[in-house]
Amino acid sequence: MRSWLAHSFKRQLFVVFLAVMLILVISGGFLTVQGFRTRLRQDYARNDLLLDKEITEHIMSLLDEVQEAIDGIAGDGILRQAMEGGTGNNSSTEAAGTGSAINTKVVYSALYQHTQTVRNRCAVDLYLGNSRLYTTSPGAAAKSLPLDYSVLWEASENPGRTIYSLDPGEASEQGASLLIVQQLWNGTEKGYVVFRVSEENIKDLLSSRVNARDGFILTNRFLRPLCQLGAAEDGEDLALVRKNLMNRQDYTAGAKNNIYITELGDTGLLSLYITPPVLDSFAVNVEYRIIFLLAIIGVILCSLVASRMSAWASKPIAIFTQAMQDVRNGDLDTRITLHREDEFGQLASGFNDMTSRLKEYMEEQVLTERKLNETRIAMMQAQLNPHFLYNTLDTIKWVAKSRQVPEVATLSSRLASILRSSISRQEFVLLEQELKLVENYCDIQKIRFDDSFDLSIDVSDELLKCVVPKLILQPIVENSIIHGLEGQDNGHIEIKAFAENFSESEDTADTAGESNQPILHITVTDNGCGISDEMLRLLEDTDPESLTGHLGLANVGTIIKLYHGADYGIHAERPAEGGTIMHLILPYTTELPDTAALYGTANTLQS
Amino acid sequence: MIPVMIVDDEKFVRRGIIEDTDWALIDCEVVAEASNGAEALELARQTKPLLVISDINMPKVNGLQLAEKLLAEYPETKVIFLSAYDEFEYARQAVRIGVSDYLLKPYDDGELEASVQRLLHGISLNAAHGAGANAAPSAGNRIDELIPLKPKGTIRNRYVLNAVEYIESHYQDSDISVGRIAGTIGLSEGHLSRLFKTEMDTGLNTYLTRYRIRQAMRELNDVQIKVYEVAESVGYQDIAYFSNTFKKLVGVTPSDYQIRGI
Numbered sequence: 154m155r156s157w158l159a160h161s162f163k164r165q166l167f168v169v170f171l172a173v174m175l176i177l178v179i180s181g182g183f184l185t186v187q188g189f190r191t192r193l194r195q196d197y198a199r200n201d202l203l204l205d206k207e208i209t210e211h212i213m214s215l216l217d218e219v220q221e222a223i224d225g226i227a228g229d230g231i232l233r234q235a236m237e238g239g240t241g242n243n244s245s246t247e248a249a250g251t252g253s254a255i256n257t258k259v260v261y262s263a264l265y266q267h268t269q270t271v272r273n274r275c276a277v278d279l280y281l282g283n284s285r286l287y288t289t290s291p292g293a294a295a296k297s298l299p300l301d302y303s304v305l306w307e308a309s310e311n312p313g314r315t316i317y318s319l320d321p322g323e324a325s326e327q328g329a330s331l332l333i334v335q336q337l338w339n340g341t342e343k344g345y346v347v348f349r350v351s352e353e354n355i356k357d358l359l360s361s362r363v364n365a366r367d368g369f370i371l372t373n374r375f376l377r378p379l380c381q382l383g384a385a386e387d388g389e390d391l392a393l394v395r396k397n398l399m400n401r402q403d404y405t406a407g408a409k410n411n412i413y414i415t416e417l418g419d420t421g422l423l424s425l426y427i428t429p430p431v432l433d434s435f436a437v438n439v440e441y442r443i444i445f446l447l448a449i450i451g452v453i454l455c456s457l458v459a460s461r462m463s464a465w466a467s468k469p470i471a472i473f474t475q476a477m478q479d480v481r482n483g484d485l486d487t488r489i490t491l492h493r494e495d496e497f498g499q500l501a502s503g504f505n506d507m508t509s510r511l512k513e514y515m516e517e518q519v520l521t522e523r524k525l526n527e528t529r530i531a532m533m534q535a536q537l538n539p540h541f542l543y544n545t546l547d548t549i550k551w552v553a554k555s556r557q558v559p560e561v562a563t564l565s566s567r568l569a570s571i572l573r574s575s576i577s578r579q580e581f582v583l584l585e586q587e588l589k590l591v592e593n594y595c596d597i598q599k600i601r602f603d604d605s606f607d608l609s610i611d612v613s614d615e616l617l618k619c620v621v622p623k624l625i626l627q628p629i630v631e632n633s634i635i636h637g638l639e640g641q642d643n644g645h646i647e648i649k650a651f652a653e654n655f656s657e658s659e660d661t662a663d664t665a666g667e668s669n670q671p672i673l674h675i676t677v678t679d680n681g682c683g684i685s686d687e688m689l690r691l692l693e694d695t696d697p698e699s700l701t702g703h704l705g706l707a708n709v710g711t712i713i714k715l716y717h718g719a720d721y722g723i724h725a726e727r728p729a730e731g732g733t734i735m736h737l738i739l740p741y742t743t744e745l746p747d748t749a750a751l752y753g754t755a756n757t758l759q760s
Numbered sequence: 016m017i018p019v020m021i022v023d024d025e026k027f028v029r030r031g032i033i034e035d036t037d038w039a040l041i042d043c044e045v046v047a048e049a050s051n052g053a054e055a056l057e058l059a060r061q062t063k064p065l066l067v068i069s070d071i072n073m074p075k076v077n078g079l080q081l082a083e084k085l086l087a088e089y090p091e092t093k094v095i096f097l098s099a100y101d102e103f104e105y106a107r108q109a110v111r112i113g114v115s116d117y118l119l120k121p122y123d124d125g126e127l128e129a130s131v132q133r134l135l136h137g138i139s140l141n142a143a144h145g146a147g148a149n150a151a152p153s154a155g156n157r158i159d160e161l162i163p164l165k166p167k168g169t170i171r172n173r174y175v176l177n178a179v180e181y182i183e184s185h186y187q188d189s190d191i192s193v194g195r196i197a198g199t200i201g202l203s204e205g206h207l208s209r210l211f212k213t214e215m216d217t218g219l220n221t222y223l224t225r226y227r228i229r230q231a232m233r234e235l236n237d238v239q240i241k242v243y244e245v246a247e248s249v250g251y252q253d254i255a256y257f258s259n260t261f262k263k264l265v266g267v268t269p270s271d272y273q274i275r276g277i
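Chains as they are written, first to last, in the working numbering: chain A, 154 to 760; chain B, 16 to 277.
Just so you know, the hints here were simulated from the structure itself, not pulled from any lab data.
Just so we're clear, the structure is a prediction, and the values are computed from it rather than from any experiment.
Cβ atoms here follow ideal geometry from the backbone N, Cα and C, with glycine treated the same way.
Don't take every hint at face value.
To be verified - Pair by pair, the computed Cβ-Cβ distance ranges are:
#1 B:Lys63 x A:Met533: 43 to 49 Å
#2 A:Asn538 x B:Lys63: 33 to 39 Å
#3 B:Gly218 x A:Asn538: 41 to 47 Å
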């Protein structure tokens, strides 16, 4: 996954976009839905409460009308007389006249008069004791009400107060008639006025006021239903509320529907208004589906935008990558064309600049290399195969011998030997080898100059094994022969060597210290005309810059100083008796120096 | 006499080596010469040389291939390479094959003889030297091994014996010659030479030279003595000629021999 991401700009963009988008869509969706639902619920609750209030008021107005009627009945003398019989106060006596028996008709007319406003809603009965004396519902069968419990009992306990209750005779779980009772009269038996509002009447009164999907329940204070309307008809909501109250829980706990309970004044009646949930599960599902849909649209948009974005950014990168690859493969003519002026555009022009400069540089390099190679080839062409030279010199030697010309044989074999040591890459040789070279050189020069000089070498055996830079003696001897002994018949060259501070014992050599390093002295003495002033001056000049290509006498001192330091070198003398003494001072060593360490100086010499 | 074969593709070089080298002095005899390795191999099978002196760069079969085949067939053969190449690789290969010595062309006069002497007598000499340490008799043995001379006791011809005795008593004279010896004994020069050669397997002059160098070696055991004194005392007036002859037979110069031995 990590590498899948790491290798594509596009995927990285996509994932980032997706993450941001999903967070926004999901959290935003949830917040919106929750806010919307809360707001909706509040609106609905307010609406529900209004409805509830309206219905409650409606019921209350009915009850108020009933109360008015009761008050009217209570103040009516005829009715009092009819219910209390002979015993009565003045007013009733006055109203009833002198007749003791009250005409039933009169009673009914009074009753009807008082109950005119409510009679279409309820039946009005007058009870004396437990039996009904008068009723406004003619068709109904005579009904008795118990005296020792229920409404009549309650009313007799609270004379002058209106009692609201349900009809104990015909109560069911579905509903019951509402009885509104007050004890008005106290004759031989207590007299009650009973307003009976049947279940149907209540329903008639309220059904038009309850919304189609809502429900309404009217109960007494013990939550015994008087009527259940609409959605509440099945009784489940009431049962739930009762159960919750019995268990001392919040009465709405576990309710699907919204339930509003209102007390109807001091009547002890309760109204329960029930509305269905504002948003049912279907609506919630729809909301979540919308969020899900949004997310999917988001994913599609994200991948679209990511690919567009990455194309926008990665296309130039791809171009750069390809161009880099081309350059790496050696195509320095690679140029990037981007019609953009942003950083990519600047990068492209920078890249183009770089490749063109690189190309120039490379061409320059190739040119230099070619020149160098040409020089090298020219050098190699200029060099003969040395084996050819040696073999030819060998043949010359044998031809000379067969033709009885020993000088030619000597010349060719000595020349071959000198050639070998001068071509050799060794920078240091044994003194022995250097002396052999000088001997060979002198053998040749003797033949050339008709034995006009001789060479003697006086070097002790142990000094022969000293290590010295190559070709330091030959130039001195050459100078003696060519300049010093020119025109002389009895020239003499003598080479001597001696050691200073030298001890056979290694201990003393070790403790001798820096200043007492063993030193090798070599002198080359000739009896010629003496060294020239110019050559003396040249010998003192030890600046490496003045070195010429060939290792002539003037360079011997410089070479020694380069190899061994300023303490060593060459000195020339012109002794009083004539001739020249060349004096070489070298470190006494029998070990080959580390050529790697000397490589730098050797380079200086070659250049 | 040790049979020797010379192999070089250059005629002048080959002839030069054969004619310029004093083969009799070092007890050798050239039995074959070849211009390339193939020819040399064929000749070697016929003539069975014990010493082969060969160039390396040759047409057809080169020196390295020749030596390899030759030593496979005749392991006792000694091979000396002559080459203008001083490259390490050639020398390394030569050593691997079992070549005995390697001389750079052009070599100095006497170098080849010295190499042969070192080669043919060097191994037993070194062994004797290692075993006998510095004992005096071993020095004498070394001389006998390096430059052997037929013992006087085995000489049957009276004239030859007389000639040998004359040499023993007059080797210090620089003007000694075959003519003078023949005159003293009373024989003609040619007769004496023939008799001597038949009896001793070597010429009179060669015998004289070998005898003188043996004497010189003995004298040089004294570290005090000067080389020119030795040359004079064994009958040489030219010190360079003495040194050259000494080197041919002993393998080192007189001064080197005096200091370090062989």
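Item to complete: Tell me, in ascending order, the numbers of any earlier hints that this structure violates.
Response: none
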